[in-house]
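> In case you want the letters, here they are:
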Amino acid sequence: DQQVKQNSPSLSVQEGRISILNCDYTNSMFDYFLWYKKYPAEGPTFLISISSIKDKNEDGRFTVFLNKSAKHLSLHIVPSQPGDSAVYFCAASENTGNQFYFGTGTSLTVIP
Amino acid sequence: DTEVTQTPKHLVMGMTNKKSLKCEQHMGHRAMYWYKQKAKKPPELMFVYSYEKLSINESVPSRFSPECPNSSLLNLHLHALQPEDSALYLCASRRGPNNYNEQFFGPGTRLTVL
Chain A
9 DQQVKQNSPS
19 LSVQEGRISI
29 LNCDYTNSMF
39 DYFLWYKKYP
49 AEGPTFLISI
59 SSIKDKNEDG
69 RFTVFLNKSA
79 KHLSLHIVPS
89 QPGDSAVYFC
99 AASENTGNQF
109 YFGTGTSLTV
119 IP
Chain B
134 DTEVTQTPKH
144 LVMGMTNKKS
154 LKCEQHMGHR
164 AMYWYKQKAK
174 KPPELMFVYS
184 YEKLSINESV
194 PSRFSPECPN
204 SSLLNLHLHA
214 LQPEDSALYL
224 CASRRGPNNY
234 NEQFFGPGTR
244 LTVL
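Going line by line, the protein sequences match chains A and B. Residues 9 to 120 in this note's numbering are what the first sequence spells out, letter by letter. Residues 134 to 247 in this note's numbering are what the second sequence spells out, letter by letter.
These are computed hints drawn from the structure, not numbers from a lab. Idealized CB from N, CA, C, for every residue including glycine. Just to be clear, a hint being listed does not mean it is correct.
[To be verified] Label-pair restraints from in silico Cβ distances: (1) B:Arg-163 with A:Lys-62: 22 to 32 angstroms; (2) B:Ser-188 with A:Ile-61: 38 to 48 angstroms; (3) B:Tyr-233 with A:Glu-50: 19 to 29 angstroms.
Isolated chain B, as found in the complex:
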């Protein structure tokens, strides 16, 4: 299994809603990532979990809350988002630091905040 899956594929939410994005991988990878991508821009790093511990938080607003329940799952909890948070949210995983290994990306969740 060489796949990163993300659900839902599309999400529309109001500014007062609470929703969650889910990411799953069964490759035994120990590093997992959340990125945000706007059209015609590179992926923008949000969070990195390494061995299920948050290792990088790129000064992301608290309305985004990550969670890593186990080594295969990564969630992103959303609350009180703004319209400018509308973007493609990408999850990625990697075997771990060292040994020159690449990130595998999921297909993304297209989020629209009304």
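For reference, chain A alone in the conformation it holds in the complex:
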């Protein structure tokens, strides 16, 4: 049972434009959400996180938005750069727990 879903397996964006990656979850107990970036044959790299007490968190070119009522979060990358081309995973957890639930990933390609 996939509790975290990323419905777009891939996304292509022109360099300099905005990339928007989406993630949905089903478990209302999740209160901590993260985005990871992964290159092939490497471990995921943490990008940005948000707790359920916020609806937006920003770090440089990366912004995560959380809509708790819709159980939806999104990652905005502005402006997109070719080096952003990677697979992006969203993850969710209950803050009091130790387990993270990962989405299936979205492969982002930024076209120069």
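We have chain A; now place chain B onto it with these hints.
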């Protein structure tokens, strides 16, 4: 030091071999994880150690045996693996439950079972 290290980077083993994967962190994190990842799939949780005790075992076959000798080290002992166990094995660590803290991942061990 904000790094999780894993050795070896690559491992090829036969189905009758015994080998071990090693993971190390010196960030004072008290939760450590083993994940298995196949191509184009999300990381799949195998084991979680919390304060050096096994807290989660996601019904992993006994041919995988985890060990946490101390708070900085995590091993995964492998024995009698199958070709379908070939994957990228990722270690991760986290400060601990509560306080909204992220996992840090190591670079992974690429395992091939012949």
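> Decide, hint by hint, whether the structure agrees.
Hint check results:
no. : hint                                        : result
1   : B:Arg-163 with A:Lys-62: 22 to 32 angstroms : holds, 25 angstroms
2   : B:Ser-188 with A:Ile-61: 38 to 48 angstroms : violated, 26 angstroms
3   : B:Tyr-233 with A:Glu-50: 19 to 29 angstroms : holds, 25 angstroms
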